[in-house]
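Residue strings, one per chain:
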Amino acid sequence: MDNYSSAFRDSNLAALLTERLSKYSGSNVNIMEVCGTHTMSISRYGIRSLLPESINLISGPGCPVCVTPLYFINSAIELSNEKDVIITTFGDLMKVPGTSSSLLMEKARGKDIRIVYSPLDSLKIASENKDKRVVFLSVGFETTTPVTALTIRKAAEEGLSNFSVLSANKTIPNALKILALDEDVKVHGYLYPGHVSAIIGTKLYHELASQYGIPGVVAGFEPIDILHGILTLVDMINENKKAVVNEYKRVVDEEGNKEAIKVTEQVFSPCDSVWRGIGNIPLSGLVIRDEYEAFDAWKVYNLKPCIAEETPGCKCGEILRGKLKPTDCGLYGKKCTPENPVGACMVSSEGTCAAYYRYQGV
Amino acid sequence: MCLALPGKIIEIKDKTGIIEMMGVVREVSLELIKDYSLGDYVLVHAGCAISKVDEEEAVKTIELFKELKEMDNG
Amino acid sequence: MQEIITLAHGSGGKTTGDLIKNIFIKHFNNDILIKNEDAASFMLSGRAAFTTDSFVITPVFFKGGNIGKLAVCGTVNDLSAVGASPLYLSCGFIIEEGLSLNELEAIVEAMAQTAKEAGVKIVAGDTKVVQKNAADKIFINTSGIGIIPDGLYISGSNAKPGDKVIITGTVGDHGCSILLERERLDIYADIKSDCAPLNKMIGDVLSKTKDIHVMRDPTRGGVAATLNEIAAQSKVGIKLYEDSIPVNDQVRGVCELLGMDPLYMANEGKMLIIAPEASVNNIMGVLRNTEYGANSCIIGEVTDEHINRVVMKTVAGGNRIVDMPVGDQLPRIC
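For the protein sequence lines, the chains are Z, E and U, in the order given. Numbering-wise (the numbering used here), the first sequence opens with residue 1 and increments by one. Numbering-wise (the numbering used here), the second sequence opens with residue 1 and increments by one. Numbering-wise (the numbering used here), the third sequence opens with residue 1 and increments by one.
No false leads were mixed into what you were given.
What the simulated footprint calls covered on chain E by chain Z, stretch by stretch (three residues with Cβ under 8 Å from a Cβ of chain Z suffice, anywhere in the stretch; the number is not a length):
no., region
1, 1–7
2, 26–32
3, 39–47
4, 53–63
Simulated from the structure, these hints should not be mistaken for laboratory data. Each residue gets a CB set at the ideal place from its N, CA and C atoms; glycine is no exception.
Extracted from the complex, chain Z is given alone in its bound form (with noise of 0.2 Å):
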C-alpha cells in the first residue's frame, strides 16, 4: 500500500489508541456509526473486541442494501425475465431475497444478470448489445449516486436507447435527523461517513450539532481513522462539547465536491422514499428527472412499486434504527443466518447483522 495509506493501519498506532480507549472510565455513550463501510470496517479488524464494554457501537442505516425495499429486488426479477433484457448490478444486490427468488438464482436459471464494477461498465455493454435493452440496478448513497448521474448523462450524450436505469437511490440527511429526534436510542456522538462526506461537505453535520446537539467525527475508513474517531468523540461528549471535527481532511473538504453535486442535481431530483425496515422518511430518495426519463427504466418498462411484506418476527427495522442489536431478534442465528437471509441485514455483506455473524469479536 502507498507509504502513507499503510499508516493508518499501524499496529503500534493502533495498540496506542486501544490503550487509550482502555482508560476510558466515565458513563456509557453510545457512538452510532451510520455508514455500512464503517460497519464493515468495525467488524473486519475486530474493533469491537477493543472497546471498553462502556462505549457501545451502534450501526445506523447506511447500508444501501439493507434500506432498498422488497419490491425493487422482486421488480429487478421481473424485468430480468423479459428475453432481450441484460440486468447489469453491483454485487452487493445478487444475494438479496425477494418474495421468492432472489437475482443470483434467478442468474442461475439462466437469466442474463451481470455484475459490474462501475455503473459506466454498463454504457459499454448496451453499446456492444445493440439488439439488447441493457437494465443497471442502481442503488446507494451520495458517494454513488454521482457516478450513476454520470452514467445516466453520458448514455444521453451517446444517445444510448437500449439503456436504463432502475434506481432506488437514497440520500442520508434526512435519515439522520430522525435518528438525532429517536428518543428510544440516545445517540450521544456520530461517527460520520467519510466518502458521502467527500461529495456532501461537512456542512449538514454543523447543522445537526447545533440544533440536535450531538457531536460528530467526520472519519475515514482505516482502523487509525475510526479508533480515533471514537476517542475523540468520547472525549466530545465527555466535555459536552456539541462540535464536528474533521478527521479525513486529506479526502474531506468542508465543502464538498460541486462537480458531483451538480453532477447529480442535473439528473435527480429528491423525492420521499420507503427505507426497508424504516418506513416513509420525506425527501430522502431520489428519481430520474423528466429530461431523462428515456433512461428511467421505472418509466420505460411501466413498472409499479408494490409494497410486499415482511417475514413477520424480523428486526431489520429496528435493528437499522439502532434500537435492538442483532442477538435481539428471535430469527437471528436461527432461522436467518448468512446461508438463508431473511431481511437484508443478514445478506448485505454490510448489513449490521451479517457483519456481527461473519467477525464477531471474540
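Following the hints, put chains E and U in place on chain Z, whose structure we already have.
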C-alpha cells in the same frame, strides 16, 4: 456504502485516467473532479475518481493522531 | 485430420482410435498406457491412497495454466496432502463438440508436462463427446493412486492445541486471477494462477520429518474454508495472525478494490501444514529451499479455545471470526 481506494493517476486521456492502486491498474472517469494532474492521488469509487487525496494532509493527520491527549475521565 | 472435435470422436470407432493415438497416447506415452487394455494393471506395495476430482473451470485457458494442468495438479496435491507419493493417474474427458483439436492438444500437452514434472504416469483414460451446450467446452475427471509411507498418519482430525499452522506461499492467487479473467471488471493486474504439483516439495518435507498432523490444499473456499473444516474435524480452535498471512501486493490491491477477502479465494499450488511446534523449524527449513515453498510462513496456531472456530487477530489488534464461506464471494461496491 462507499468502498473506495486511493490510487495514482499514471495516464490521462481526455477526461479518463489510468489509475494505479497497489500495482493494479484500471481506467476510471475523472469527470467528477477538477484540477488534477499526472501523479496526483485520487479516491476511486465505482470506476470514478470522487475526490483528490491530499498527501500533505495525510501526513499531518497521522502526526496529529500520534499526539494523544490524556483521556478525560468525566 | 479434422480441425474440431465432433460426435464421431466419441463414438468408439476409427475416429476415436485415431484421436487416442494422435493426441492422448502421443503425449501421455508410457509403458502401461501403450498396452491399450481395458484396464491398467500394476503392482503396489504398502498402504494405498486413492482420490478423485472433476474439473469444470471456466475459462479453460488462463494465466498460469489450463484445465489440464489444473486437473493433474489437483489430484497429485490431494494425494500429497495425506502424505502419499502419487504414482498413477487416470483421466476421463467429456468434450463438447466443436472444441478445436489444437485446444485439446494444448490441454493434453500441459497434462503430460505436469505429470512428467510430478513423476506420475497417466495410465488410463476415457473420452466422451457430447452435443453442443451439453458441456462447457471440456470437463476432466482425474483419479489418482499413491502409496503412503509407513509410520505416517496425517488426517484432518489430528490437529492438536499447540500445533503451528503453516501456509506454503501467498494466498488467493488462483481465485483472484480467475475472477479477473472470468468477470468483465476491466481491472489489470499481473496475477496468475499458482497451479503447481506439490508432491516433490511435500516429499522433501516428509524425508526430513514425519511429525506432521494435518496437510490440506486450500482450494475452493480458500484458506478460510479449509481451516474451518479442519477445526471442526479435529474439534479444536485455530488462531490466525493477519500480519503473518502472505498476500501478493496485487492480489491485495484487487481485493481492496472489490471488497473481497483473499482468505476466501482458491489456491491451486499451496499447502496448509499443521504440525507440532517441535517440527516447525525442520519443515520451514525444507520448504523455504523449494521452488513452490519459498514464501512459506507460519500464520497461526491450534488452540483449545473457541472450539470449531477460526479466529484472527487483525492488524489493528482486534479479534474477528473467520467463518465458513457461504456460496461464492462476490465483488461489492458498498
